[in-house]
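Engineer: Build the full structure now, drawing on both the sequences and the hints.
Residue numbers (full-length UniProt numbering), protein chains in the order written: chain W, 1 to 471; chain V, 1 to 471.
By construction, these hints were calculated from the structure, which means they are not laboratory data.
Be aware that one or more of the hints could be misleading.
[Said to hold, decoys possible] Calculated from the model, a selection of chain W residues having no Cβ within reach of chain V, i.e. all distances over 10 Å:
(1) Arg11
(2) Glu14
(3) Phe27
(4) Phe31
(5) Glu133
(6) Ile230
(7) Pro280
(8) Arg339
(9) Glu361
(10) Arg415
[As the list claims (entries may be wrong)] Calculated lysine-lysine pairs in the DSS-like style (CA-CA distance at most 27 Å, straight line):
(11) Lys276(W) with Lys326(W)
(12) Lys397(W) with Lys414(W)
(13) Lys108(V) with Lys66(V)
(14) Lys76(W) with Lys453(V)
(15) Lys241(W) with Lys326(W)
(16) Lys241(W) with Lys414(W)
(17) Lys453(W) with Lys66(V)
(18) Lys453(V) with Lys453(W)
(19) Lys76(V) with Lys453(W)
(20) Lys404(V) with Lys241(V)
(21) Lys66(V) with Lys24(V)
(22) Lys108(V) with Lys24(V)
(23) Lys414(V) with Lys397(V)
(24) Lys453(V) with Lys66(W)
(25) Lys229(W) with Lys229(V)
(26) Lys108(W) with Lys24(W)
(27) Lys404(W) with Lys414(W)
(28) Lys76(V) with Lys66(V)
(29) Lys66(W) with Lys108(W)
(30) Lys453(V) with Lys70(W)
(31) Lys241(V) with Lys282(V)
(32) Lys453(W) with Lys66(W)
(33) Lys414(V) with Lys404(V)
(34) Lys453(W) with Lys70(V)
All values reported here derive from a predicted model rather than from experimental measurement.
All C-beta atoms in this analysis are idealised placements derived from N, C-alpha and C, irrespective of residue type, glycine included.
2 protein chains.
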Amino acid sequence: MALKDVRAGIRNEEGIATVLGILKQSFGERFQTGQAFREQHAHTTSYLTSQLPDGVVFVESADDVKAVVKACAEHKVPVVPFGVGTSLEGQVNAPSGGISIDFSRMNKVLRISPEDLDVTVEPGVTREELNRELRATGLFFPIDPGANATLGGMTATRASGTNAVRYGTMKDNVVSLTVVTANGEEIRTARRAKKTSAGYDLTRLFVGSEGTLGVITSITLRLQGIPEKIGGGVCAFPTVKAACDAVIMTIQMGIPVARIELLDDVQMRAVNAYSKLSYPEKPTLFLEFHGTEETVALQSAQFAEIAAECGSDEFQWTANADERAKLWQARHNAYWAGRALAPELDGLSTDVCVPISRLAECVVETQADIVAEGLLAPIVGHAGDGNFHVLVLFDGKDPASVGKVEAFTARLTKRALSMDGTCTGEHGIGQGKMSFLEDELGGAVDVMRTIKKSLDPDNIFNPGKIFRPTS
Amino acid sequence: MALKDVRAGIRNEEGIATVLGILKQSFGERFQTGQAFREQHAHTTSYLTSQLPDGVVFVESADDVKAVVKACAEHKVPVVPFGVGTSLEGQVNAPSGGISIDFSRMNKVLRISPEDLDVTVEPGVTREELNRELRATGLFFPIDPGANATLGGMTATRASGTNAVRYGTMKDNVVSLTVVTANGEEIRTARRAKKTSAGYDLTRLFVGSEGTLGVITSITLRLQGIPEKIGGGVCAFPTVKAACDAVIMTIQMGIPVARIELLDDVQMRAVNAYSKLSYPEKPTLFLEFHGTEETVALQSAQFAEIAAECGSDEFQWTANADERAKLWQARHNAYWAGRALAPELDGLSTDVCVPISRLAECVVETQADIVAEGLLAPIVGHAGDGNFHVLVLFDGKDPASVGKVEAFTARLTKRALSMDGTCTGEHGIGQGKMSFLEDELGGAVDVMRTIKKSLDPDNIFNPGKIFRPTS
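Structural biologist: See the structure below:
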């Protein structure tokens, strides 16, 4: 099902054939061209059509990556990095074919420096693996996009998720990268000092570049101390506006919540059905507080006051880990609960983000739009950042249903942009949002194109992503 | 006095003459070519030789900036943005001549959104002006590089300063920029959402680019709530190692200090002499805590324990504003106090930054080097970030003295790099640290050059900065 105008790229058949030969020779069993491998490395869970690479290479070192990039650069063949395939906007598709670089064997934690609160990992390490390895140090890596994504993928898409409201996004938590550039050499974007003014911020340029400027080979990340105490709470509201207003007041008062998640009534219904729970089917906020026994209690009390002022039901909270897990149960699996509302349908997850003062307005208008169009579309939001997801369920085989969804997402994006927001808070542009990027940033996209062209003149790095073809 | 090998650029005499005529015609009295104006806009307070622009234009709007850039781009004439001239590495020098753009009349706060905790300003607003304008809102802009710099200059050099340890640097506090690029058009790097994954992070690319990629015309900044309570304290240590160890433990324990500044014994002697004070002339830490009455007291108590463990004298602290000002008196004017140790000499302020675990080692080795060389060089550090300044006093007219300083800074930089640190934590590369940048980042500097060339093919934006000539 082709939901968007994603043009198939032009294939360089001769170059691809040559590179397939070279890689087979160099990598033997670590290079695979079978259909199953190729399908597994294209975008299979997204609403976008899968576009398969011609081969998959299982790299084990930066030298392997250099060898692949050198071969592909010489023969002008696309290179598409692959973590675990949890991206949502077609980032791992290969519209012009080429080579998928699988990072599952580059999954070592290279160095932990508890005394500097940082760590260096290979790109294939997942965030859960990292946190398991860190446990003994009393430190953790806070970014949690939901899926157990690789840190390479999270870096490439500038991921964030539930506790970005407190700890920031990947942009704020990457100290330094090594990257293989188009000449097949590896550069290091920064040293390990906590701050620097040494030249252009290449670290931040590669964070969020979605594989289009080079291939990341290692990542140095900032770590946080595991909080002495974690509190959790949940609270239902009469309207989604009341819930958003409570979020806005919480942020404006500077209460350092670690997570503040919004689930709308449709999503709560989905969750009850999916996990056999009995939450009130009303707009609900899920909160987490990190601190000491005292500060967690203080923050909870402050939030309870705000919630009551906004007309909420009772705010239930706890600093007990088991009880917290129970209170938060509904938030887990929200995506799959949403999908289960209509398992036969396809799902598209939007991720606009607006200035916090406009959040209530944006969510309320979007809900009205959903109702007016008769769409089935639960909402989950990282509300503290002004970021929310609409999971639109639709029939990809029905052109009318597809048209309706396209029109809805276009209106949603236009609404967010009119409020000075962005079309994507955390999923990236990929193949799905190219035209929205132009609407959002206009002439700045030409500057991005110029940079892309200068660093990747033959367009081998993840072609067909971020930028709409100019022709 | 030419301390470094800063090559004079090649002047495009014909282009410059043409642009002088154009700007005189367009800007009238707002364009000045007199010697006094030109001298005032070149680098006069730095250790580097002043290199004067050919004219100074006082812009009042983004349209003015566009007109200047268009004229200069057409005739391939350098453009050097000027805030108030507090940069330290020759960033406002004009080695190839050209036009200085003075931002003193673009000094309006364009928009304050207390509800979104952000503000948009013109580049000529200074941080003190901004904080005066913000006072009624209960918010403040936290970055404090010492000097009352403009926000345009602070953005361009990725400034930080005393409370970056808590609030981050300019990289963390700029939401979005408007920038006039080489085609004379203005782009906007991002919307106002708190986070985004929409394409390359152009905001962070321009932050710290030292005017070499375009001219900033407005800046949207994140704001912070003014803390309910501010505590301050001061504490002397027997050795600089003991003081550094206390800093390291404080950071590793996650105590959220707002400032933690180190002054060594030489600097304390300078301060006593300059301000007629009677602090113990021992390595001393100055601290600030932001929070509530309770958290400020708690943090102070936690720090006092650490300090005692490191063998400090008594930690004196207060949450009273007047007493705090008194305790902190020595930290103010540290730079001028240092210079006053030998008013007849020149001063060079270094700013290496190392991973916090290496701070004590780096400072101790550097002090030993100072002693061995018989240099007069007080040390002040933003110790919580692993960043410290050595103010080296030397005689710029004496080649032996100059040679000694050059050798010292080269050793200091090499030492910091060997500890995985950076040659510049906050002053930038400018003209003074070009060769250090190459030592620090190697091949990554070629990537920077490629970007520079793609966005500024005629090298009109602040030429002769950051990059060593390649020829």
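Engineer: Now, for every hint given, state plainly whether the structure supports it.
Structural biologist: A quick look at each hint next to the structure:
Once the 10 Å rule is applied to beta carbons, arginine 11(W) is consistent with being away from chain V; the minimum gap is 26 Å. Annotated as non-interface, glutamate 14(W) keeps its C-beta farther than 10 Å from every C-beta of chain V; the closest such distance is 28 Å. Remark: the non-interface label on phenylalanine 27(W) is consistent with the geometry, its nearest Cβ contact in chain V lying 25 Å away (cut-off 10 Å). Remark: the non-interface label on phenylalanine 31(W) is consistent with the geometry, its nearest Cβ contact in chain V lying 27 Å away (cut-off 10 Å).
The beta carbon of glutamate 133(W) is kept farther than 10 Å from every beta carbon of chain V, the shortest such distance being approximately 19 Å. Look at isoleucine 230(W): its CB is around 14 Å from the nearest CB on chain V, clear of 10 Å, so calling it non-interface holds up. Every beta carbon of chain V lies more than 10 Å from that of proline 280(W), the smallest distance being close to 29 Å; the non-interface claim holds. No Cβ of chain V comes within 10 Å of the Cβ of arginine 339(W); the nearest lies about 22 Å off, and the non-interface call holds.
Every CB of chain V lies more than 10 Å from the CB of glutamate 361(W), the least distance being 12 Å, so the non-interface label holds. Its beta-carbon lying about 13 Å from the closest one in chain V, arginine 415(W) satisfies the requirement of being farther than 10 Å from that chain. Distance hint between lysine 276(W) and lysine 326(W) is fulfilled; the C-alpha atoms sit about 13 Å from each other, no more than 27 Å. Taken as a hint, the lysine 397(W) and lysine 414(W) pair is honoured in the structure, with Cα atoms around 26 Å apart against an allowance of 27 Å.
Our distance criterion of 27 Å between C-alpha atoms is met by lysine 108(V) and lysine 66(V), whose separation comes to about 18 Å. With a C-alpha separation of about 23 Å, the suggested pair lysine 76(W) and lysine 453(V) falls inside the 27 Å cut-off, and the hint holds. For the given pair, lysine 241(W) sits about 26 Å from lysine 326(W) by alpha-carbon distance, which is consistent with the 27 Å threshold. Annotation: proposed proximity of lysine 241(W) to lysine 414(W) holds, straight-line Cα distance about 20 Å (limit 27 Å).
At most 27 Å may separate the alpha-carbon atoms for a hinted pair to count; lysine 453(W) and lysine 66(V) meet this at roughly 25 Å. At most 27 Å may separate the alpha-carbon atoms for a hinted pair to count; lysine 453(V) and lysine 453(W) meet this at roughly 12 Å. Simply put, lysine 76(V) and lysine 453(W) have alpha-carbon atoms about 23 Å apart, close enough for the 27 Å limit, and the pair holds. Restraint check for lysine 404(V) and lysine 241(V): satisfied, since their Cα atoms lie roughly 25 Å apart, inside the 27 Å limit.
A threshold of 27 Å between alpha carbons decides the hint, and for lysine 66(V) with lysine 24(V) the separation of about 16 Å falls inside it, so the pair holds. For a cut-off of 27 Å, the pair hint linking lysine 108(V) to lysine 24(V) stands: about 25 Å separates their Cα positions. For the suggested pair lysine 414(V) and lysine 397(V), the alpha carbons sit about 26 Å apart, so the restraint of at most 27 Å is met. At most 27 Å may separate the alpha-carbon atoms for a hinted pair to count; lysine 453(V) and lysine 66(W) meet this at roughly 25 Å.
Using a Cα cut-off of 27 Å, the hinted pair lysine 229(W) and lysine 229(V) holds, with the two alpha carbons roughly 24 Å apart. The straight-line distance between the Cα atoms of lysine 108(W) and lysine 24(W) is roughly 25 Å, inside the 27 Å bound, and the hint therefore holds. As the CA atoms of lysine 404(W) and lysine 414(W) are separated by approximately 15 Å, the hinted pair is consistent with the 27 Å bound. With a C-alpha separation of about 15 Å, the suggested pair lysine 76(V) and lysine 66(V) falls inside the 27 Å cut-off, and the hint holds.
Only pairs whose Cα atoms come within 27 Å are accepted, and lysine 66(W) paired with lysine 108(W) is accepted, the gap being roughly 18 Å. Between lysine 453(V) and lysine 70(W) the alpha-carbon distance is near 23 Å, which keeps this suggested pair within the 27 Å criterion. Using a Cα cut-off of 27 Å, the hinted pair lysine 241(V) and lysine 282(V) holds, with the two alpha carbons roughly 12 Å apart. Restraint check: the Cα-Cα separation between lysine 453(W) and lysine 66(W) comes to about 20 Å, which is no more than 27 Å; the hinted pair holds.
About 15 Å separates the Cα atoms of lysine 414(V) and lysine 404(V), which keeps this hinted pair within 27 Å; it holds. Taking the CA atoms of lysine 453(W) and lysine 70(V), the gap is about 23 Å. The hint holds against a cut of 27 Å.
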